[in-house]
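What follows is the residue order along each chain.
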Amino acid sequence: MAAGPAEGEKRVDLSLIVIVVVVTALVFDFTNGFHDTANAMATSIATRALSPRTAVLIAAVLNVVGAFLSVEVARTISSGLVDETRISPVVIFAGLIGAIIWNLVTWLLGLPSSSSHALFGGLIGATLVAAGLGAVDFGAVFSKVILPAVVSPVLAGITALIATYLAYRTTARADAGTVRRGFRVGQIGTASMVALAHGTSDAQKTMGVITLTLITAGVLAPDSGPPFWVILAAGLAIGLGTYFGGWRIIRTLGKRVSEIETPQGFAAEASTTAVILTSSHLGFALSTTQVATGSIVGAGAGRRLAAVRWSVAGQMAIAWVLTLPAAAVVGAVAAWVSSTGTVGTVLVAVVAIALAAGIYAASRLRPVTADNVNDVDDDAAVRHEPAVAAR
Amino acid sequence: MSIDWGSLGLVVAVSLAAGVAVVVLVSFALVGLSAREHPRPGGPDDGAPSLGPRAGTAVAVVCLAAVVAIVAHGLVVIAS
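One line per chain: the protein sequences are H and G, in this order. So for the first sequence, this note's numbering puts the first residue at 1; every next one is plus one. So for the second sequence, this note's numbering puts the first residue at 1; every next one is plus one.
In isolation and in its complexed conformation, chain G is listed as follows (with noise of 0.2 Å):
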């Protein structure tokens, strides 16, 4: 009987690396959009600078980039 462990080491860290990436990536972007909601001029209240509408905006786009990068990925290397 032969185990795989190569194959199966490279499931577990590919699975765990893209299933955290794609949501912690998601939430980035949903952190940059909350900036478009609530634009604060003055800043917010404990005084530090805060993610303006635009800022926000442009962190969304790039999480959601990489995300949909990553899923590419995942369909170009499963299909070939």
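Pulled out of the complex, with its shape left as it was, chain H reads as follows (with noise of 0.2 Å):
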């Protein structure tokens, strides 16, 4: 990696801070891969097309796989978003604590909220109050995450939607047990796909992040690409993490949205994978949690609109919505107490870690793992739901 211009004693109190950032931008990038999963695997999990245990390994090496697949989207965040002249690494780190509260406490919820939106709202926040509202390109923001996460959710539920409903009239009559068979063998390999998929989308995210860090320490120069050790670091943390299972989210997903079928989970997953493959190619980094979920309410509305429970899908709306918002504000708070000094940027990574590990706490209270993800009935959410909606 060579070194940049700057000066000498600049560079060294920078390398630390560079440091922090960079791993704190990997534990984030874990707990992308973890809250994840479900985007890939909760439609195979729940239809048993694959025991949960093989589920998360495959996805996760397809996820180390997809991270060398592309690095567009990775460009689109290391230059452009905010104005990567005026912000410091310490503004990137407050941003990305922003990102990882949000993602702990959607994951100990069982919400599917998007991680990238944390990312970017957590960004977003610390952009503001460090540098303020010029530093942030807010039409970037709306043509670049705004709208595409406004589009893909819907563009995905209606591909699903058309797909589920002609998957079903096509295979009416054809022999139930091969139709059966048939798509869950499917599921294998669009699961696979969607794995991918969020490699090539959210692994660059992180790599986006890492690169603008090291572009404001004047390690790179402005509009420079991922270099390849921060793509494979980033490939490496989403596996991780995707393999440690996100197991709330997987039974928000696969069991609590729909009951799911297979051919409905090959539907919402071959639908899934086409949204975010054409989308992270021509550099939107949409959010392939809402992209995924979207595909699943599709998937479940394409077979019988009551199959749907929308109230389960309603608290997933207002997840989405709250996302980029409450990820700014906790990012803008980060900001301002690290930009007191180090004794503040201190301050912000003990108070972050002890309520991570707080909410590894609180989740140990009603643990869901890979054992009993497909178990609803003990799950008290499920109870309020009107009964007749379920089956």
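If you are wondering where the hints come from, they were derived from the structure by calculation, not from laboratory data. Keep in mind it's a predicted model, so treat the numbers as computed, not measured. Careful: at least some of the hints might be erroneous.
Facing chain G, from chain H, some residues (calculated, C-beta under 8 Å) [claimed, not checked]:
no., residue
1, 150
2, 151
3, 367
4, 370
5, 374
Footprint (simulated), chain H over chain G, 3 or more residues, beta carbon under 8 Å [unchecked claim]:
no., segment
6, 12-26
7, 29-37
For each label pair, taking beta carbons as the anchor points, the in silico distance ranges come out as [said to hold, decoys possible]:
no., chain 1, residue 1, chain 2, residue 2, range
8, G, 75, H, 365, 41 to 47 Å
9, G, 58, H, 229, 48 to 54 Å
10, G, 75, H, 363, 34 to 40 Å
11, G, 21, H, 375, 51 to 57 Å
12, G, 55, H, 150, 43 to 49 Å
13, G, 36, H, 362, 37 to 43 Å
14, H, 318, G, 72, 37 to 43 Å
The C-beta atom is built at its ideal place from N, Cα and C for all residues, glycine as well.
Fit chain to chain and form the complex, with the hints in mind.
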């Protein structure tokens, strides 16, 4: 890695915070991984096309592979959303803290919120506090983040709805056993594709952040792409997180939104893959979570409108709207405290670690694991749902 | 602020087409494979000629090949 032309004393100061930011970014990537395992594998696990542990292993490996496929989205993040000449690594650190905290909170609640929006929110909030309104390119935020966020889940939902409807119509009079087995095998393929697409899309977001950090620290030239070690580290972090498995969110997406059958799972995953791969190729940093969720709702509705538990879908929609501003608030507070100096930065780190530990402890009170992920009867939240909508 | 409507439209069109095409092709392939499970020598109950096991297999192979082609092409475009 070539060092930039920064003057000696400044660089010594910067390197420690740069290392801290890179590590924090990889931690975020890890939470991104386990938060989003559900996107690829929730329906396959729910239909028992794959056993839970096999599913997360496949997802993890393909996430790492996917990380190497494309860097378009990483470029969107490292050049454009915020003015990289006006922020410091400390600001990025604060933004990441905002994103990590929000990711952990929504994981505890089992809500499939967008890791990407948490990341953007955190960065935007921290930048606003540290450098003012002018440092955020709201035009780019709208066209590259907000607009895809609105369009992509709807697009995925409609695609999955049409595909599911046609799948049931086409195979209505075919041999039931063949159809079920066929879609089950197909699901292994589509689920793998979603995991791959997730790697190309989400691992890149961390790559973009690390690249942005290296640019602000003067280690890389502005507009640089991510170096190889960054791609490798980001791919491994997200893969590891994926393997850890976000069972709480897998349960929500696979079992609580709708009772998913194999043709629906197949249609949902095919739609998710199509939307994510096309968008990341064109540099739209969309949320894989929202796309996957849109597809699952669409696939549920494609069989029967009443098969979707709209109250669960509503909860998720609220979490989506809240994600960016909530992460922005945490990011802003973290930036404000961090800007008071090294002690402030350390304080932010310590508080964040303590919060993470507390959230983990809270999750152990009612753990969701590979063994009980499909078992929704003991879930108090489901009991509030009308039993009729479930069947 | 410039919104790249062209790219956005492309994403919508390609995603919709690819997603629906893959699912429909796999459905057709499974219809084809169903003919192998229940070879009906006398044709179905309503008297119309039924798909034979060989024809069914051929349909399935063609459809699945098309799916593989779509997926492979997608991957090549992404990776390049």
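For each hint given before, does the structure comply? Return the numbers of the non-compliant ones in rising order. 1, 3, 4, 5, 11 and 13
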